[in-house]
Amino acid sequence: MSEIIEPLRGMNDMLPDEARWWNRLETVARHVFSQYGYREMRVPLLERTQLFKRAIGEYTDIVEKEMFTFEDRDGQSVTLRPEATASLMRAAISNGMVHNQRHRVFTIGPMFRGERPQKGRYRQFYQIDAEAFGYDGPDVDAELILVSARIWKLLGISRVRLEINSLGTPESRAEYREALRAYFTAHEAALDADSRRRLVGNPLRILDSKNPDLAALIAAAPLLTDYLDPASREHFDALKARLDAAGIGYTVNPRLVRGLDYYSRTVFEWVTDALGSQNAVCSGGRYDGLVTQLGGEHTPAIGWALGMERVVLLMQELGLEACADLPHAYFVLAGPAAASRGLQLAEEVRDALPALRIETDLTGGGIKAQFKRADKSGAQLAVVIGEDEVARGSAQIKPLRGGGEQQACPFADLAGRLASLIGSAAVDGDGAARQDRGR
RNA sequence: GUGGACGUAGCUCAGCUGGUAGAGCCCCGGAUUGUGAUUCCGGCCGUCGUGGGUUCGAGCCCCAUCGUCCACCCCA
60 MSEIIEPLRG MNDMLPDEAR WWNRLETVAR HVFSQYGYRE MRVPLLERTQ
110 LFKRAIGEYT DIVEKEMFTF EDRDGQSVTL RPEATASLMR AAISNGMVHN
160 QRHRVFTIGP MFRGERPQKG RYRQFYQIDA EAFGYDGPDV DAELILVSAR
210 IWKLLGISRV RLEINSLGTP ESRAEYREAL RAYFTAHEAA LDADSRRRLV
260 GNPLRILDSK NPDLAALIAA APLLTDYLDP ASREHFDALK ARLDAAGIGY
310 TVNPRLVRGL DYYSRTVFEW VTDALGSQNA VCSGGRYDGL VTQLGGEHTP
360 AIGWALGMER VVLLMQELGL EACADLPHAY FVLAGPAAAS RGLQLAEEVR
410 DALPALRIET DLTGGGIKAQ FKRADKSGAQ LAVVIGEDEV ARGSAQIKPL
460 RGGGEQQACP FADLAGRLAS LIGSAAVDGD GAARQDRGR
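So in the working numbering, spot 403 of the first sequence is number 462, and the numbers just go up one at a time.
What the hints contain is simulated information worked out from the structure, not anything from laboratory work.
None of these values were measured; they are calculated from a predicted model.
Some hints could be false.
Said to hold, decoys possible - Think about it this way: if two alpha-carbon atoms lie no more than 20 Å apart in a straight line, the pair counts; the simulated EDC-like pairs of lysine to aspartate or glutamate are:
no.	residue 1	residue 2
1	178	131
2	212	222
3	212	332
4	269	247
5	178	77
6	269	303
7	431	384
8	435	77
9	178	376
10	427	464
11	112	142
12	431	418
13	212	85
14	427	406
15	112	130
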């Protein structure tokens, strides 16, 4: 045997039991997107490094130290996308979608960031991204938040809280940045090393510090809200009114600044207290200047990204349900003739009841062993087909959970009998269910 | 990138002050003839993360390395 090849740090394999949760989340998200007219878009995972530098900002942590960047065969610098918005907007520009047009889109897929892994933070991680471009009013800001809120609602997620803020225009933000820099420079002695570093690069990020020693100093710092230009303030007030009208609870967090340079005006973040340190499950904001930065015509835009592993973790923590994938019926097939006839019967049942999950025993082993597997599979019913059954043209159906007697069922009635035994809910197709393989 | 904890069978873990490894689960088979989940019996499973070092001897000590987890940082 050769040496076993291990996966890379922070790269995870997703096994079937885990994937059930992801499927549930993705199914719900796709459903909600279709309800609101958001259409799917898929873009490359690999882009020119320059795209991310220009979009996210040269001096952000992501670009400075977290990107997977390397040279391709032609010696050109390429990067595995650390987030989706830049790629999506590049694609929108490349394909002429921003010339006096409006679009609402979403994409689902992996992102890559070379951070030290911990709970809810991995080097390859998955996001669901929603973006709307071509709309400049606060209505679209509200709609995007409603889309995310509806995903929580359908999933049954609680313990998430919405925080919102407005960053204003780049000009008012610059003015505020200088005010902050002046304030913190005056108190530089009280700052920790990280904050001193941020004082030079991006003083707004000091506001995000988790250091309790800095809490008082930060609380007394100038407020972004006081520097907001009138148009941004009006926009923000209108968004709040929309949210109030829709019954979406939120708190205004004047210290919410976000880490990507391209944001302007509205920013928001859904946070949870159930996941430890990585508490942001979905966040985003408006990026009206990005398209121009990427060489397109001025196009207002806004979007959010939802961290799929964080939401899955939250679903599990809250005891919610995943997609059911346990078979409804398990076919026990004893003997060569039965194996062949059984597969054929299973096909007929699948034709008649498309939502039913049927697992056939493919081992050709003894009946006892097959029954053990039938039980282990979690199926509700075992359908037994052996030599006798084939000769008689009638299967035996045995309930494996709860009560009920084993009964004979002519092959011709199999689909109908299974449908009535299993129940219409399951036969019609069920989205989510608790799975108990045992009792 | 910084700090701390950890890394023993497929899984969860035990292994006392160093003397060349155990349990439960899982899996396979059996407890008379075609029926599971309970019970009983039997079987399979390990280069003790990896590489060095100390020692007569290391899973237990030392160093390095890789990985996991938690926090910082960052952010989804």
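Here's how the hints hold up against the structure:
1. 178 to 131: 32 Å, violated
2. 212 to 222: 17 Å, holds
3. 212 to 332: 18 Å, holds
4. 269 to 247: 17 Å, holds
5. 178 to 77: Distance ~15 Å between residue 178 and residue 77 Cα, so the pair holds.
6. 269 to 303: Since the Cα atoms of residue 269 and residue 303 sit roughly 30 Å apart, the hinted pair is violated (cutoff 20 Å).
7. 431 to 384: The hint holds at about 19 Å.
8. 435 to 77: Cα-Cα ~18 Å, so holds.
9. 178 to 376: 13 Å, holds
10. 427 to 464: Given pair residue 427, residue 464 holds - Cα atoms ~18 Å apart, limit 20 Å.
11. 112 to 142: Satisfied, since the Cα-Cα distance of roughly 12 Å is no more than 20 Å.
12. 431 to 418: Satisfied, since the Cα-Cα distance of roughly 13 Å is no more than 20 Å.
13. 212 to 85: The hint holds at about 14 Å.
14. 427 to 406: 24 Å, violated
15. 112 to 130: 15 Å, holds
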